[in-house]
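These protein sequence lines are chains V and D, in that order.
Counted the way my numbering counts, the first sequence spans residues 1 to 301.
Counted the way my numbering counts, the second sequence spans residues 1 to 301.
It is worth saying that the hints were derived from the structure and are not from the lab.
Any given hint could turn out to be false.
30 Å max Cα-Cα, derived BS3-like pairs, lysine-lysine [unchecked claim]:
(1) D:15 / V:258
(2) V:176 / D:176
(3) D:217 / V:217
(4) V:217 / D:258
(5) D:77 / V:293
Partner residues aside, some chain D positions facing chain V, computed with beta carbon under 10 Å [unchecked claim]:
(6) 75
(7) 89
(8) 90
(9) 153
(10) 183
(11) 185
(12) 211
(13) 219
(14) 221
(15) 223
(16) 224
(17) 228
(18) 255
(19) 259
(20) 298
Computed from a predicted model, the values in this text were never measured in an experiment.
C-beta: ideal position from N, C-alpha, C; glycine also.
2 protein chains.
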Amino acid sequence: MSLLVTGSIGIDTVKTPHGVSERCLGGSSIYFSMAASFFAPVRFVGVVGQDCPFDLPQVFAGRDVDLGGLEVRPGSKTFVWHGTYHDNMNDRTTDHVELNVLQEAPPKVPDAFRDSQFVFLANTAPALQLELLGQMAAPAFVAADTMNLWIDANLDDLKQLLQKIHCLILNDEEAKQLAGQPNLIQAAEDILAMGMEVIIIKKGESGSLMCSSNGDKFLLPAYPATEVIDPTGAGDSFAGGFLGYVAESGRTDFDTLKLAVAYGTVTASFTIAGFSLDGLTGTSRAAIDQRLKDLRQFTSF
Amino acid sequence: MSLLVTGSIGIDTVKTPHGVSERCLGGSSIYFSMAASFFAPVRFVGVVGQDCPFDLPQVFAGRDVDLGGLEVRPGSKTFVWHGTYHDNMNDRTTDHVELNVLQEAPPKVPDAFRDSQFVFLANTAPALQLELLGQMAAPAFVAADTMNLWIDANLDDLKQLLQKIHCLILNDEEAKQLAGQPNLIQAAEDILAMGMEVIIIKKGESGSLMCSSNGDKFLLPAYPATEVIDPTGAGDSFAGGFLGYVAESGRTDFDTLKLAVAYGTVTASFTIAGFSLDGLTGTSRAAIDQRLKDLRQFTSF
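Turn these sequences into a full structure, and let the hints steer you where they fit.
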């Protein structure tokens, strides 16, 4: 079924203990779309400036990603992000950011995309996420990401958003901050009380936690990867694998969402094995399915 | 089958955000024995000074814990530990330690205990662990704990120990330190190369990881506890539930060890719900089995 993503497209420069990747393709909607395309057709909505050095139709050639919502805005400049990962690969420093086109008006959702059943609102200002969501007709399942910046500075907008989406995906530090509660299980319950049906808390190399408003819980370790070259995009690849599988199955019952979290987890494990999109583009649905089987073996008792 | 533990008995003073527990019963062999006694008879080896304020036969009354290896040493003083847990309940500060009897000669393993099939060498100087192990006849499965202090200061002794035991249980920071490697999966493999067959790495609220020298892996989240009053003894209760189940089953194949890790995990979840032994003594095997079923439900997909 139809899956739409709106998010950033970035010119990334990433330093890790394994090397440097300069001015490579990044951004939340890029990682999400590449990951989700292993499962379901993706409708892409995003904006770049006229300086964008990437040929996105070429990047997604042969994959079922509809770039009908890609806007190249004359006179604007593309989002730029520079980051450094430290030895343990969990902590990163943002060295440099140029928001550029991301601080202008958001892209328009094409008419042909407004009937999308599944929607991912990648991390941006919650007011923009609300505006983008307002352009959709009647989506069955909307998931959104957020970050510490909006929890600090735009909490009212964020709380309004949380009443209009079905699923919030965020990391452990953000969840503790939003709930004002150091116990993650309790934080999940407190955030669910703000409105949505499902919350997924990502814990990096420690896996993830999903809780629903009717008391279901799911806990999954990360895939045991020894090859970690560049963690950039892992979170958006997780979301892409998760929503890609949800859209493929067309269901949102908790058992389906559990399997979707597992697919998100193994999809992200490919992303981190290379710089930029190299890890994702080098894999296949068969390889993703094999890791899913392995992860089930590693976690069952 | 027979299970022996050697470890500390302590007079603990613990501060957490939930309160203070002064001069309460603690120590690795105490938590281990209480936890393991839900599964199998325990043979207890440990030493206190003549100042020990606790009536250990009363503490273990009604439980199958043989205190035949408890030595009350005249003229010596009991081990004392003061610690403070901070808001997130993962970090703790040791405020005060008096090793006292723990820096004297180790206790003697009674003749009647020397044929024990399963052995846990709780955390102490590796030379002492070697000496205690040397008093055993031919144990089938020996597990040991260690800590940063010995990795820093007694690495040669520790490496000698690792060649004589079957299973090492330690936490994530200790594993990274011992392997000199920030990736936990790689650290597990590097440590296995030092001699033992199985390594279990505890990650606190993020669960645990078990790897074997023939490539098996098991990843398990922590039980999703919202009631965390005092984490003291969680690691030793984990070890007690783990080895208790191993001794009960009498097997050490990887599938049995996976189930044993799950039992260790849920047993520890009771320990942290109260100060000192309150969480453990207030539970039952039936309640432990129910949490095991719940944990399987929370983690399967």
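Just to be careful: measuring from the Cβ of residue 153 of chain D to every Cβ in chain V, is the smallest value less than 10 Å?
Violated. Min distance 24 Å.
Can residue 228 of chain D be said to touch chain V, with a Cβ gap under 10 Å?
holds (6 Å)
So, as I understand it, the hint says residue 75 of chain D touches chain V; can you test that by seeing if any CB pair is closer than 10 Å?
violated (45 Å)
Grab the minimum C-beta distance from residue 223 of chain D to chain V and call the hint holds if it beats 10 Å, violated otherwise.
It holds, given that the least Cβ distance between residue 223 of chain D and chain V is near 9 Å, below 10 Å.
Under 10 Å, Cβ to Cβ, is where residue 255 of chain D needs to be relative to chain V, so tell me if that hint holds or is violated.
Holds, about 8 Å.
Would you settle whether the hint for residue 185 of chain D is holds or violated, based on the nearest Cβ-Cβ distance to chain V being less than 10 Å?
holds (5 Å)
Next item in the hint list is residue 183 of chain D. Is there a CB on chain V closer than 10 Å to its CB?
holds (6 Å)
Close enough to count: is the Cβ of residue 89 of chain D nearer than 10 Å to one in chain V?
holds (7 Å)
Against the 30 Å threshold, does the CA-CA distance of residue 15 of chain D and residue 258 of chain V hold or violate the hint?
Violated: residue 15 of chain D and residue 258 of chain V sit about 38 Å apart, past 30 Å.
Holds or violated: residue 176 of chain V and residue 176 of chain D, Cα atoms, limit 30 Å.
Measuring from Cα to Cα gives roughly 26 Å; hence the hint holds.
Hey, does the residue 90 of chain D contact hint survive, CB to chain V under 10 Å?
Holds, about 9 Å.
Do the numbers back the hint for residue 224 of chain D, that is, is its least Cβ distance to chain V under 10 Å?
holds (5 Å)
Of the numbered hints stated above, those contradicted by the structure are hints 1, 5, 6 and 9, listed in ascending order.
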